[in-house]
Amino acid sequence: MSQPTNAAGQPQNDPKLPPREYTHPGLPEPENKDYAVIGKSKPKIDAREKVTGQARYTADLKFPNMLYGKILTSPYAHARILSIDTSEAEKLPGVKAVITHKDVPTLKYGISPARWDENIFCSETVKFVGDKVAAVACIDEETCYKALKAIKVDYEVLPAVLDPLHAMDEDAPQIHPEYPRNNNTEIHQDFGDVDAAFKQADYVRTDFFVGNRTYQAPLEPHTATSIWQDGKLTVYSSTQSPHYFQYYIAREFGLPMGDVRVIKTYVGGGFGGKLEPTGLEFAGAALSKITGRPVKMFYDRAEMFAHNRGRHRQYMKLTTGVDKEGMILGVHADFIMDGGAYTSLGIASAYYAGAMLTLTYEFDNYRFDMHRVYTNLPACGAQRGHGAPQPRYAFEAHLDNIAKDLGIDPIEIRLKNARRPNTVTPNDYVVNSCEMVACLEKARDVSGWRDKKGHLPPGRGIGIATGSFVSGAGYPIYRTDLPQASAMIKVGEDGTAATLYTGATDIGQGSDTILCQMAAEAMGYTYEQMKIVAADTETTPHDFGAYASRQTLMSGAAVKQAGEEVKTQLLETAGQMLDFPPEQLEVRLGKIFAKDNPDTILTTFEDVARTFFVRKGPLTGRGSYAPPKLGGKFKGAPVGTSPAYSFAAQVSEVEIDQETGEVAVLDVWDVHDCGQVINPALLHAQVHGALYMGMGEAIWEEVRFDKNGKIANPTLGEYRLPTALDMPRVHSSLVPSYEPAGPWGVKEVGEGATLPTMGCFRNAIFDAMGVSVNSLPLTPEKVWSALREKRKADGEEVWDPMTCECYLED
Amino acid sequence: MQAIADKQGVKRYLVDVTVNGDDYSVVVKANTLLVNLLRDEIDLTGTKKGCELGDCGSCTVLLDGKPVDACLVLALEADGCDVITIEGVAQHGELDKLQRSFADNAAIQCGYCTPGMILSAKALLTRNPKPTEPEVRAAISGNLCRCTGYVNIVKAVMAAASGEVTA
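Residue numbers (the working numbering), protein chains in the order written: chain A, 1 to 810; chain B, 1 to 167.
Quick caveat, the hints were computed from the structure, so don't treat them as lab data. Ideal Cβ placement from N, Cα and C applies to all residues, glycine included. Be aware that one or more of the hints could be misleading.
Straight line, CA to CA, 25 Å or less: simulated BS3-like cross-link-like pairs of lysine-lysine [claimed, not checked]:
| hint | chain 1 | residue 1 | chain 2 | residue 2 |
| --- | --- | --- | --- | --- |
| 1 | B | Lys-7 | A | Lys-96 |
| 2 | B | Lys-155 | A | Lys-146 |
| 3 | A | Lys-91 | A | Lys-289 |
What the simulated footprint calls covered on chain B by chain A, stretch by stretch (three residues with Cβ under 8 Å from a Cβ of chain A suffice, anywhere in the stretch; the number is not a length) [to be verified]:
| hint | stretch |
| --- | --- |
| 4 | 58-71 |
| 5 | 114-128 |
Sequences and hints are given; from them, build the entire structure.
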């Protein structure tokens, strides 16, 4: 590993250091002049449909003869089903079908092939409040609720596991008989020699942190409409991945994939929660098969919270050894995560939690232990940033504790340890482009760190944290040799329009827009003439969909190849038409010219494309993308591999109300290394959204349970989704970067900006008040309690609200 | 209001409502919500349902000019009223300045909150054409957005109010 020797490693007040030029936050990044279409803030391709109400989401679709379906769920966290009586429900007028486990395939499923542990309906036990028991299809929604009420289920209530820290106790109730001690996943990875590093270290510190259970809370509720006709199944769904839905639905019902068509409509946000098929698709398909009619199924808001698949709550013990300069020598991460009742994508989450800690700082010795335990709570899965944001919060807080103990500025300790480009992590991730140092330096400068750190008025503080994320997972979720992404482009017969066909899945992040920009760039065409057909397993070529921040790099690479194939054929025909060597021709924005004379337009894309069609038929291009073989040889090595990693630093400034503990976030600065930018406006919008989600999780959001394992706050108001009044000033800026593994040098942005946020708020509070809040969210109550403990420790008089007495703590 | 009873004795009422300038007469139950009248009876699905509890504001419409959550208004209450939904904001195919501004300022991601946001913003600009940023934030504080952090939405409303949006 390289030692940091540049100017950044010098003490912050070193007079030799040249004065930094302050960048003004909020200024738009300069547009890239080298490209015609990419690098420009083109408006979203679906903007008009979305601002006029024309955009149709799955719940907006109606089909002739359509029925409505609902799922009956368990009222108990853990119970044995003694009997189910559907006879009264079946007698109600308007009820067309009532189904239970007896009417559907019993094959277990789950998005993680390593642990298929879910059934369409429970047959023996229910495992959380909200577990699926039966379903109905009726002529309208109101009849559905009447029918659900009329189903009689006798339960024998069983003791439940609600505390993950006791899930592995010897006498704890068993949730899945196949997984003794409720042990869902156990990880032990060891790289280098951590014990030797701790022996060699000048200082070793251990800290313990606890995360929070959060939920993606997309605004659009999950909906699926299934149509089973003549042995073929069509599912319109609010999905992040038509491919995985198609694969798992086909598997469950024993159909060839070709007989299952999954169509994404407009999707109202996903953030990880719509990656795996739900009871809506499975029960809906079964109900449609039985009734012979289309069946529309949907979750209401409380059912969404119960279905969950949101962020795991993690219990994180971190031990780090450093030398006296603050160089990290070794790290031991020892975590427990509350998985809930099923696996979902949780095995990957468990690996991600520890694996991604090696990215932003360089150290050789690393040990990672993890237990993901089953509990009788809703299953957790992949939420923006996957398993990584909570451990990142913990590590960034831990690092600030170490910096304080050693008397080193928090930015200095990060600059000393920051990852450099062209390095390999101890867990064998190959990092190509990496501007971690530039991100830290720019974050320091744009935030005015040097003027603020140590100089802010009482109650004000400033904190920093870093993050890094994959640009697409190196391997798909189930084992297959299919390429990661593919694309086709069809140019219209008169050349005035071209259609991109892609399986990439726009869930709001804007992939339809940027992929059309990329196609136009590669073809030498205009964005305004592009159309797109996306995310329909029958009409579009294969792509794994929207997760792991993969589409700009992976789908983009396939689109680029398809566009270049169009361009090659076009210029060949142009060469024949003009009697000119095609390799000396260029096409840009639909205009064809000689490379050495770009000012003289020889002909147009449209004319040549029309001639091509007349001579040879459709002008099409194809592309596909498969990453190189990535990762080491140890168990779990594929998780976290990626062709490229983004890097980011965030600084936040907070003001604490010392009486109430309320945290007001004043400003947040995000500085990102995300490679080349395709659409600056959409890119910064991704940062805003990621930061918003990170901030919500950091300060307010938490799914809470009552003593019976029932969600206590299953509404957006009580869960406390931040409003426009809660948002601080947000400044998003970039550092120049180019990623050799990505088309045009691109990397991810959509999830990476969630990673540093929780840590940078905690560190700002730490700076403001000298108190550490070691669990998320950083609520006023916790800040207040921490302040109170500190005052007691300092021998100050503390007012006890419980006794209304003022006393001196002994 | 005219009422008829079905076989089980459940009453249906005839509601006269003007939506986006068009007059409709719709038979509803006493518990039919305005949002369902709009979406199910007259097929105006631009009005979204996100929570059905008045938390998210996705179903915001203008009821006699005031922004309301259509999931908290009974269809019966809209009798004789003038309702504007997102489908009624553009005139003769020409986008409203707010709609253009949302598109120009990257204020749209998944688009699910967009109809409600635009209608809340429209109500604000009608009563206060030159709002301050805190006034914009307050006006849309009943509309949740999970994608944008509200940054570009606030920017878009401010730009529309200041006339920065090109026609």
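Cross-check of the supplied hints:
1. Restraint check for B:Lys-7 and A:Lys-96: satisfied, since their Cα atoms lie roughly 20 Å apart, inside the 25 Å limit.
2. With a C-alpha separation of about 46 Å, the suggested pair B:Lys-155 and A:Lys-146 falls outside the 25 Å cut-off, and the hint is violated.
3. A threshold of 25 Å between alpha carbons decides the hint, and for A:Lys-91 with A:Lys-289 the separation of about 20 Å falls inside it, so the pair holds.
4. Coverage of a stretch by a chain is defined here by at least three residues with a beta carbon nearer than 8 Å to that chain's beta carbons; for the stretch 58-71 of chain B and chain A the count is 1, and the condition is violated.
5. Figure legend: the stretch 114-128 of chain B, annotated as covered by chain A; annotation consistent (3 residues with Cβ-Cβ distances under 8 Å, at least 3 required).
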